[in-house]
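Colleague: Working from the sequences, and respecting the hints, build out all of it.
Order-wise, the sequence lines are chains A and B. According to our numbering, numbering within the first sequence proceeds without interruption in unit steps and concludes at 701. According to our numbering, numbering within the second sequence proceeds without interruption in unit steps and concludes at 643.
Worth double-checking, as some hints may not be accurate.
Think about it this way: if two alpha-carbon atoms lie no more than 16 Å apart in a straight line, the pair counts; the simulated EDC-like pairs of lysine to aspartate or glutamate are [to be verified]: (1) Lys405/B to Asp440/B; (2) Lys456/B to Glu441/B; (3) Lys456/B to Asp438/B; (4) Lys474/B to Glu582/A; (5) Lys474/B to Glu473/A; (6) Lys456/B to Asp591/A; (7) Lys405/B to Glu395/B; (8) Lys182/B to Glu209/B; (9) Lys352/B to Glu209/B.
Chain B is nowhere near these chain A residues, computed Cβ spacing over 12 Å in every case [unchecked claim]: (10) Ala408; (11) Leu409; (12) Val412; (13) Ser422; (14) His475; (15) Leu486; (16) Val499; (17) Tyr532; (18) Ile556; (19) Ala669.
I should point out that these hints are in silico values taken from the structure, not numbers from a laboratory. Source: prediction; values computed, not measured. Cβ atoms here follow ideal geometry from the backbone N, Cα and C, with glycine treated the same way.
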Amino acid sequence: MKNTLGLPIALAALILVFALSSEYFLSRDTFIAIANDIPALLVLSVGMTYILVIAGIDLSVGSVLALTGGLSAVAILEWHWNLPSAVALGLGCGVLCGFITGTVSVAWRVPSFIVSLGTLEIARGSAYLVTDSRTAYVGGAISGLSNPLWFGISPAFLLAIAIVIASHIVLRHTVFGRYLIGIGTNEEAMRLAGIDPRPLKIAVFVLMGALAALAGLMQISRLEAADPNAGIGIELQVIAAVVIGGTSLMGGRGSVLNTLFGVLIVAVLEAGLAQVGASDPAKRIITGCVIIAAVLLDVYRNRKQR
Amino acid sequence: MPMPLLTLTSLAKAYAAPVLTGIDLTLNAGEVLALTGENGAGKSTLSKIVAGLVTPDAGQMQIEGSAYQPTSRREAEAAGVRMVMQELGLIGTLSVAENLLLTELPARAGFIDRSELHRRAAEQLQRVGLTELDPSVTVDRLGIGHQQMIEIARGLTGRIRALILDEPTAMLTDQEIVHLFEQIAALKAAGVGIIYISHRLDELRRIADRIAVLRDGKLVTVRPAQGFEHDEIVQAMVGREVAQHRDRARRVAGPETLRIEQFSRGSQVRKVNLRLHAGEIFGLAGLVGSGRTELLRSIFAADDRDEGSLFLNGAPAPVILKSPADAVAQGIGLLTEDRKSQGLLMTQSLRTNVTIANLARLQAGGWIRKAQEASVVQNWFRLLRMRARDDQQPVSELSGGNQQKVLFARWLERDCSILLLDEPTRGVDVGARDDIYAELDRLAAAGKTLLMVSSDLRELMAMCDRIGVMSAGTLVRVFDRGEWSEQALLDAAFAAHRGTTDEGTMHAA
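Modeller: Pasting the structure below:
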């Protein structure tokens, strides 16, 4: 239980450092900017937490985000679908992508790392095909998700937080969540305990696909455009945030709530470094150091457990 | 009498329990000393100590009078002591030659000198009679027998004074064995002392000068092989007849619950037929590798089988089990031999480990009912007398006995009607062992069917109503309570290895 306070303290320390080094940092605007910036990253990170808990990995999330966003945008702009149908199309496409990655990986016992590397390319190529390699400007068609409600907070942020809370509870308190942790700890032991891990693993990849599609919708809503290049490299940012949150890359250990802190640390770091005027190279170097420090902490925690 | 090559004095080693105690043994130059004993008698530990892989807790070793205290395999090899392991240590993706000379690859300026490598490898292969084998072939592409011979050839490099061979013929064909024995004779003539570990008693008498028998970590006897009869060796391995529980009556068996016909899996399980009844404990005896674990796993559908049908509760139509989940749904449970890799979720709590197979009954709408879960775990915690801080403690921190109790609790809570138990008391301390025996008795009394694999014959004889003996994949004989003796059981276990080294010759009852 002593680990639970570590992340909030690290986050508070980070905020303190930036507050001391920039007089503008501790302002409402900063925090609203962060809140409206993170929903897509947060939703992806929730899905990735589940994926890492079952000792998998999904590298295709950025591409799936671009494909589903592009598909929804094209459905609205060119096929003149109504909003609910276009949203459903995007989500359905995300589910399909997750299903393909999960099923291929489970049925042929191929590491999800490799399968999702394939899905990454397929989804990215499909995104270019769907959008004709051009950014599709949707304007205010899906602005409902990102228009501020109160105090500048968007529905997308509230939705992301709701997803965090719900999936935290599911992982902690349901049979499904318990099974996922068991699979990540020792898949063979689960199989021999009479629990078939295969449908459960596929379900997690499907969930990841759906969340990637939701992240895609959040992004086109905020940017009012679907860019076929959206989300390139975001999978690494997502994995970094989840690992900073203490979820093990080896599976069997993870917390969605801690992932929230991981995402906040990444977001605060980025916003803070921008405010103190750090150059882009400096930002990347510092972010890299934070990731390595977090992983070392993870190794240390793992070792103590044994 | 010249000074012995290797002298062992009061060697002892303990892990959780003592494995070896007070071993005094000598090995002379130019002799073959056979080391035999039941599974777990301490043969492997003793040979690993000599080979520098295990450090003894007490005792001394000397080579030709000077102290010998190897702390690694490398140090032992520097002193001229080599061991050929039972399990293969070859690197499958490298060539035969590279494997043979792995630690001393001939190189020029960092580049491997292929022609020199192959010349030296061919030389070594010739010593074990593998003259036709191309040293540039990848090891993966060879059969298991060839791989074993290469493993042996690897042990024959450099300067050798003592050579330990651990079950070297387990996977060899007759012809390969002839080559191996020729090589052993040549080494003997060259003054090398050889420790030869094997279960195949007739082979021992063919090759060995003296035979040492270990039992329960103690050296029982060392005698010249000449005149040490087969039955006497078995007697020495088993010890005196143990009288405990012998007078207990056979349990009254109920109706048939499980019947398997013609179960086969590769060469590990061969056409096994078995009928089990409610309320009986059926024991499976046999040597390691005789197919007992494989039989249990194929009944549980953990592995695919090549042929065979399974019938439940006397039904005329066979039941098809596609996965362990199917087996569990039919009321079958498997307690695996290897707790850590196949049973427990090591980093998870005791509570999670007990209830993981039972969550379907401890949930409402997908939510785990924590209070009910806690009370279920508390119940077993008390009944099985588990020792842990609380039910939130990770099972990785528990002792072997308590870990085993956790797995027992998992299947007991599941209330399986047929329980397959693979070495249920391995690595379990004496106190916990008695708790487990009591639980097995209770289960049998409650009408459950128990199929139990154990390498501890005394345990099987105490607990079981019938004991089936497997040898080289075949169920060679089934004994009823009262019919068996340790000697008869061991004889049956060796059935497939009797007489010749030909595994095909069966002496089934």
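Colleague: Next step is simple, just say for each hint if it's right about the structure.
Modeller: Each hint, compared with the structure:
1. Taken as a hint, the lysine 405/B and aspartate 440/B pair is honoured in the structure, with Cα atoms around 10 Å apart against an allowance of 16 Å.
2. Using a Cα cut-off of 16 Å, the hinted pair lysine 456/B and glutamate 441/B holds, with the two alpha carbons roughly 13 Å apart.
3. Between the alpha carbons of lysine 456/B and aspartate 438/B the distance comes to roughly 8 Å, so the proposed pair stays at or under 16 Å and holds.
4. Simply put, lysine 474/B and glutamate 582/A have alpha-carbon atoms about 12 Å apart, close enough for the 16 Å limit, and the pair holds.
5. This hinted pair does not check out: lysine 474/B and glutamate 473/A have alpha carbons roughly 58 Å apart, beyond 16 Å.
6. Between the alpha carbons of lysine 456/B and aspartate 591/A the distance comes to roughly 11 Å, so the proposed pair stays at or under 16 Å and holds.
7. Proximity of lysine 405/B to glutamate 395/B is assessed by CA-CA distance (about 7 Å); at most 16 Å being required, the pair is judged to hold.
8. A threshold of 16 Å between alpha carbons decides the hint, and for lysine 182/B with glutamate 209/B the separation of about 13 Å falls inside it, so the pair holds.
9. At most 16 Å may separate the alpha-carbon atoms for a hinted pair to count; lysine 352/B and glutamate 209/B exceed this at roughly 26 Å.
10. Under the 12 Å C-beta cut-off, the non-interface status given to alanine 408/A relative to chain B holds; the minimum distance is some 29 Å.
11. Against the 12 Å criterion, leucine 409/A stays outside the reach of chain B, whose nearest CB is about 29 Å from its own CB.
12. For valine 412/A, the shortest C-beta to C-beta distance to chain B comes to about 34 Å, beyond the 12 Å cut-off, and the non-interface label holds.
13. Residue-level check passed: serine 422/A sits 42 Å from the nearest beta carbon of chain B, beyond 12 Å.
14. Every CB of chain B is more than 12 Å from the CB of histidine 475/A (nearest about 40 Å), matching its label as outside the interface.
15. No beta-carbon of chain B is positioned within 12 Å of the beta-carbon of leucine 486/A; the least distance is around 22 Å.
16. Under the 12 Å C-beta cut-off, the non-interface status given to valine 499/A relative to chain B holds; the minimum distance is some 20 Å.
17. With a minimum CB-CB distance of about 42 Å to chain B, tyrosine 532/A clears the 12 Å threshold, and the non-interface call stands.
18. Taking the minimum C-beta to C-beta distance to chain B, about 22 Å, the non-interface status of isoleucine 556/A holds against the 12 Å cut.
19. No beta-carbon of chain B comes within 12 Å of the beta-carbon of alanine 669/A; the shortest separation is about 39 Å.
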